[in-house]
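Number of protein chains: 2
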Amino acid sequence: MSILVVGSVAFDGMETPSGKRDRVLGGAATHFALAASFFTPVRMIAVVGEDFGPAEESVLTSRGIDTRGIEHVPGKSFFWRGAYLRDLNQADTLLTELNVFESFAPKLPAAYTDSEYLFLANIDPVLQERVRAQLPGVRMVCGDTMNYWISSHRDNLLRVLRGLDTLLINDGEARLLSGQANLRRAAEAILALGPRSLIVKHGEYGATAFFSERSFAGAPAPHPVVFRAPTLPLAEVVDPTGAGDSFAGGFFGSLAEAGVVTPATWKRAMFYGAALGAFACERFGTERVQSLTREEIEARVGELRTLSHLE
Amino acid sequence: MSILVVGSVAFDGMETPSGKRDRVLGGAATHFALAASFFTPVRMIAVVGEDFGPAEESVLTSRGIDTRGIEHVPGKSFFWRGAYLRDLNQADTLLTELNVFESFAPKLPAAYTDSEYLFLANIDPVLQERVRAQLPGVRMVCGDTMNYWISSHRDNLLRVLRGLDTLLINDGEARLLSGQANLRRAAEAILALGPRSLIVKHGEYGATAFFSERSFAGAPAPHPVVFRAPTLPLAEVVDPTGAGDSFAGGFFGSLAEAGVVTPATWKRAMFYGAALGAFACERFGTERVQSLTREEIEARVGELRTLSHLE
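Residue numbers (numbering that gives the first Met the number 0), protein chains in the order written: chain Z, 0 to 310; chain G, 0 to 310.
For reference, chain Z alone in the conformation it holds in the complex (with noise of 0.2 Å):
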């Protein structure tokens, strides 16, 4: 079942340990529909400058995803530039540029509003808002948000959250949004701000979830669920950028293909999202997603499988 993404197409700059690149294809959209095009059809709303071009667009369209609603204006695209040279787990900003994503505003093209998943990325709530708004039939959507919309535009995000299944976010955006360091009380929290489940990713140490009574319509849990996905330790983690949103699109695009809620689909859901976050981090920007294959997917899954499980 079709997933619609909704969020940023950019270029990124970045520098780690293990070498540097001035320029790449990126932007929390675009590592998302990646991640989800291995489970089921993609399609992208965002916006893009005249430095996109047909390489750019191809890397999409060869893992099959719909870019239709990718709008094209004039000027440049989103760039960002960040060094994880102090810390592997988070990024030093060095550059942002909004360019033509500074006056974003998502159109939902016609053949899109049969979409049953939605996906609202990292951009204002206003927008998040707006697309959801669009599509009053979709089955389901997960979100995420950051620290600068979780600080200065609070109310326009708890419009949002009340209308989200997941709300997928990192520890720290956890604790900033419920004001809990507690991780157990910091979901509690954010559940009763609305949305139905919760994924709390905690980079390199994996990821929990936690679900409400409300989790999975026609079976609900008595009690909170808490599950938790595992990470695989790499050698070598070559650039985290992206693995986040890499997650996430392995996460739903797993639930999109399973087209049924439960918990156990969503346990392995959570698996997928850690096996796509692992392979995001291998190599720069999407070079290692670009190049996947279902069954090295697979084979991750399996993986983390015996990496955590008793025998």
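Bear in mind the hints are in silico, worked out from the structure with no lab data behind them.
Careful: at least some of the hints might be erroneous.
Put simply, identical chains are the same to the list, so a pair is met inside one copy or across any two.
Claimed, not checked - Cross-link-like lysine to aspartate or glutamate pairs, in silico, EDC-like; alpha carbons within 20 Å at most:
#1 K19 x D65
#2 K266 x E310
#3 K19 x E286
#4 K266 x D91
#5 K266 x E302
#6 K266 x D21
#7 K106 x E128
Quick caveat, the model's predicted, so the values are computed rather than measured.
Following the hints, put chain G in place on chain Z, whose structure we already have.
Just chain G now, kept in the frame of chain Z:
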């Protein structure tokens, strides 16, 4: 099969967001012994002062722990005071009074010489080595250490590492010992120093074990094996003091109970370690583990399995 533990028996004072204790029974050997006592007979070698009386002794003996190796000498017992107000994952040490521990010279009672499992808790590596040398027929030796010994007594520590079956340390210690920030590379570097296997504890994020080809006699793994145990996210971490030692006690106790080290018994032992580590955090000092039952431990291992295993 009997586990012998050598290490500190102390009094601790601590303040955490949940409250304050001026003086409770603590020390690495105490936490380890209590946790391991649910699985196998435990013997202790330690030194205490005149402030360690029948009440403290009975905390240990009521769990069936053999305390004949605890030497009573004039003076006061080791005292430590710390606070976890800034960060629950890391204590700020406010006071350390070594007292009688300063001249600790471990003495092995004749009745202990048939001990088959040995745990060298965090003490001077010279003392660890001395105890190890008195048990030439021991089947398995696990050890802990800390930043001070890694930085300032490295050569002594390296001699101990060469004799270890398993080194149990935390993330920061692994980085310091190996000079590597990457977990997998740190593990490779540490295994090259001699220990046949390594467990790195990640606090609230669980623990990762690395086996080398030499880890399992008779069942050599073709490649290094990695295994991760999760933690249970607790709604309240009352006091993390001793959680790492409780993990070690649950892990090593379970392995000793199994009587054979295989990938299967090892992995199960890690889950027992995770269970005991979580229990230790639920109340101050030894309060929670003192009152535990084996049934509660089994239930928690079940929770950890549900929390982390695909259906």
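Hint-by-hint comparison with the structure:
1. K19 x D65: neither (30 Å within a copy, 59 Å between copies)
2. K266 x E310: Both ways: K266 and E310 sit 18 Å apart in one copy and 8 Å across, limit 20 Å.
3. K19 x E286: Intra 13 Å, inter 52 Å, cutoff 20 Å: intra-copy only.
4. K266 x D91: Cα proximity of K266 and D91: none, with 32 Å in one copy and 38 Å across.
5. K266 x E302: both (15 Å within a copy, 15 Å between copies)
6. K266 x D21: neither (37 Å within a copy, 44 Å between copies)
7. K106 x E128: within (13 Å within a copy, 70 Å between copies)
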